[in-house]
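Here is what each chain is made of, one letter per residue.
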Amino acid sequence: MIRIAPWLQTNWDWRAAGNFICGGTGAGVLIFAAIAPVPGSAYRLLATIGMAFVATGLFCVWLEIGRPFRAINVFRQPQMSWMSRESLVAPLLFASGIAATWLGGGALGWIAAVFAAAFLYCQARMLRAAKGIPTWRAPRIVPLMLFTGLAEGTGLMLMLAAFPSGNAPSGWLQGILIVLVVARGLAWHFYRVQLEGNGVPSRAFDVLRAIHTPMSVLGLWGPLLLLLIASSFAAATWIAAIAGLCALGSGWLLKFTVITRAAYNQGFAVPRLPVRGAGGPGPAVKPGWH
Amino acid sequence: MTRYVMAADLRRCVGCQTCTAACRQANATPPGVQWRTVLDMETGEFPEVKRAFVPVGCMHCSEPPCMEVCPSTATRKRDDGLVTIDYELCIGCGYCAVACPYQARHIVHRATFAYGAQATQSEAVRFDQKRLSVATKCTFCRERIDEAKERGLKPGVDPDVTPACVNSCIAGALTFGDRDDPESAVSRLLAETLHFRMHEELGTDPGMYYIWDRKSDQ
Numbered sequence: 001m002i003r004i005a006p007w008l009q010t011n012w013d014w015r016a017a018g019n020f021i022c023g024g025t026g027a028g029v030l031i032f033a034a035i036a037p038v039p040g041s042a043y044r045l046l047a048t049i050g051m052a053f054v055a056t057g058l059f060c061v062w063l064e065i066g067r068p069f070r071a072i073n074v075f076r077q078p079q080m081s082w083m084s085r086e087s088l089v090a091p092l093l094f095a096s097g098i099a100a101t102w103l104g105g106g107a108l109g110w111i112a113a114v115f116a117a118a119f120l121y122c123q124a125r126m127l128r129a130a131k132g133i134p135t136w137r138a139p140r141i142v143p144l145m146l147f148t149g150l151a152e153g154t155g156l157m158l159m160l161a162a163f164p165s166g167n168a169p170s171g172w173l174q175g176i177l178i179v180l181v182v183a184r185g186l187a188w189h190f191y192r193v194q195l196e197g198n199g200v201p202s203r204a205f206d207v208l209r210a211i212h213t214p215m216s217v218l219g220l221w222g223p224l225l226l227l228l229i230a231s232s233f234a235a236a237t238w239i240a241a242i243a244g245l246c247a248l249g250s251g252w253l254l255k256f257t258v259i260t261r262a263a264y265n266q267g268f269a270v271p272r273l274p275v276r277g278a279g280g281p282g283p284a285v286k287p288g289w290h
Numbered sequence: 291m292t293r294y295v296m297a298a299d300l301r302r303c304v305g306c307q308t309c310t311a312a313c314r315q316a317n318a319t320p321p322g323v324q325w326r327t328v329l330d331m332e333t334g335e336f337p338e339v340k341r342a343f344v345p346v347g348c349m350h351c352s353e354p355p356c357m358e359v360c361p362s363t364a365t366r367k368r369d370d371g372l373v374t375i376d377y378e379l380c381i382g383c384g385y386c387a388v389a390c391p392y393q394a395r396h397i398v399h400r401a402t403f404a405y406g407a408q409a410t411q412s413e414a415v416r417f418d419q420k421r422l423s424v425a426t427k428c429t430f431c432r433e434r435i436d437e438a439k440e441r442g443l444k445p446g447v448d449p450d451v452t453p454a455c456v457n458s459c460i461a462g463a464l465t466f467g468d469r470d471d472p473e474s475a476v477s478r479l480l481a482e483t484l485h486f487r488m489h490e491e492l493g494t495d496p497g498m499y500y501i502w503d504r505k506s507d508q
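Going down the list, the sequences are from chains A and B.
Heads up: the first sequence is residues 1 to 290, going by my numbering.
Heads up: the second sequence is residues 291 to 508, going by my numbering.
No lab work stands behind these hints: they were computed from the structure.
Worth double-checking, as some hints may not be accurate.
Stated by the list, open to error - Here are the computed distance ranges between Cβ atoms for each label pair:
| hint | chain 1 | residue 1 | chain 2 | residue 2 | range |
| --- | --- | --- | --- | --- | --- |
| 1 | B | Q419 | A | P39 | 37 to 45 Å |
| 2 | A | L186 | B | P449 | 30 to 38 Å |
| 3 | A | P287 | B | Q411 | 51 to 59 Å |
| 4 | A | V182 | B | L479 | 55 to 63 Å |
| 5 | B | K439 | A | L186 | 53 to 61 Å |
| 6 | B | E491 | A | P214 | 28 to 36 Å |
| 7 | A | V193 | B | T308 | 16 to 24 Å |
As the list claims (entries may be wrong) - Derived list of chain A stretches under chain B, where covered just means 3 residues or more per stretch with a C-beta under 8 Å from a C-beta of chain B:
| hint | region |
| --- | --- |
| 8 | 43–55 |
| 9 | 62–69 |
| 10 | 94–104 |
| 11 | 186–197 |
| 12 | 207–220 |
| 13 | 281–287 |
Owing to the predicted nature of the structure, the values given are computational and were not obtained by experimental measurement.
For glycine and all other residues, C-beta sits at the position ideal for the given N, C-alpha and C.
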């Protein structure tokens, strides 16, 4: 059976999603670990966790590729490919991150944060460059992926701050998370508006519509409400940690859904059907589109 | 310059899939992998029903999104417009497959044969380990085109150096040749007819033209 309407791509599965999930969260942690006013010991813990996440994501990709022992070839085209660029940034991120961890942050921590930001940006652009998947190629996927990565990283740090050894400044992070969940909520809204405007495979749109409620409740209003409550309660760090968990979980849900379940391909379409016999041309055919 | 393209006359195609079979025979693709295939598109309601058969495959784009994303430089575009894959460089990441808006790329991780795990004699001879776990797609029968210069033949004119699908078409619906040569059969055909290219709005500048009517002054 030859399909015409868009169907779900199968080349990138949970392993690819794992790279975007772990890479985005890890990069977010590395960025805010450098910015947050934390002591050296806390920076070491946070940066190590951030790098572990990024490494886990890259390991997921390594599991996905068909010829893993040729993985070195991934570096060959930085002039064009965002995947090559992501791969080239990764060793710089780890080198600066390890050095910063050794020294307890400082200027090297900022350098690691810059590479983490570059890594996150490359990931967002990787999706944007995948022209065959309408839900990925929408330009507004870029701010969405950036803001969710940052929100996930902050959310994870807030969770860690609830532990006595966390040492992360919960109050400072709470303010950052409020800004980021609002920014992500807006990015999510405008991304969906763009998809509706440009057209999107109907089934992809249905998949995205199905996560709109969890994205609103867990990804935006839930964390905002919890952080508001946290601002006036003694057990603030634990309540804020739950808000962080919501921000983190909703971000992971978003990425997993966009990459594995809403990734319907372009399908086939013709702007008109041919003239046959005595009849005239037929109308355009583009099945399966919203 | 040379730009090899293909034209599919949708008025002529009868959907017989002979091109599909010829491609599979010529390129020894495994079960489930069809570098060339023909879509059966039907629209409308009785009695106003329209039907068309649309050959699809790699469009050998001038702006190939698959090449742009390929991290390994395995996918390249030749000066004559053919988009190629170097199986020795490809890492099988699948990025090109999700970047292609024509669903033209395939990655097969296990050897499969027409009658199960055991290859027939013909399949065993033609099986190519290099094609496992890497991206594959229509090559416009590159080996034949490469022979053209050596043998002094012309792709699109001489069957020996023309893609197998074009040679096999029983309805003469497929035409191949150099778009930059105004005297080539494909250029003349396109000059005489109304045509479109699929998903042109995505900016890929595809090398497959679909003819749907003659020009009104013809």
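Hints, verified against the model:
no. : hint                           : in the structure
1   : B:Q419 with A:P39: 37 to 45 Å  : violated (56 Å)
2   : A:L186 with B:P449: 30 to 38 Å : violated (60 Å)
3   : A:P287 with B:Q411: 51 to 59 Å : violated (41 Å)
4   : A:V182 with B:L479: 55 to 63 Å : holds (57 Å)
5   : B:K439 with A:L186: 53 to 61 Å : holds (58 Å)
6   : B:E491 with A:P214: 28 to 36 Å : holds (33 Å)
7   : A:V193 with B:T308: 16 to 24 Å : violated (46 Å)
8   : 43–55                          : violated (count 0)
9   : 62–69                          : holds (count 5)
10  : 94–104                         : violated (count 0)
11  : 186–197                        : violated (count 0)
12  : 207–220                        : violated (count 0)
13  : 281–287                        : holds (count 4)
Violation of the numbered hints given earlier is confined to hints 1, 2, 3, 7, 8, 10, 11, 12; the remaining hints are satisfied by the structure.
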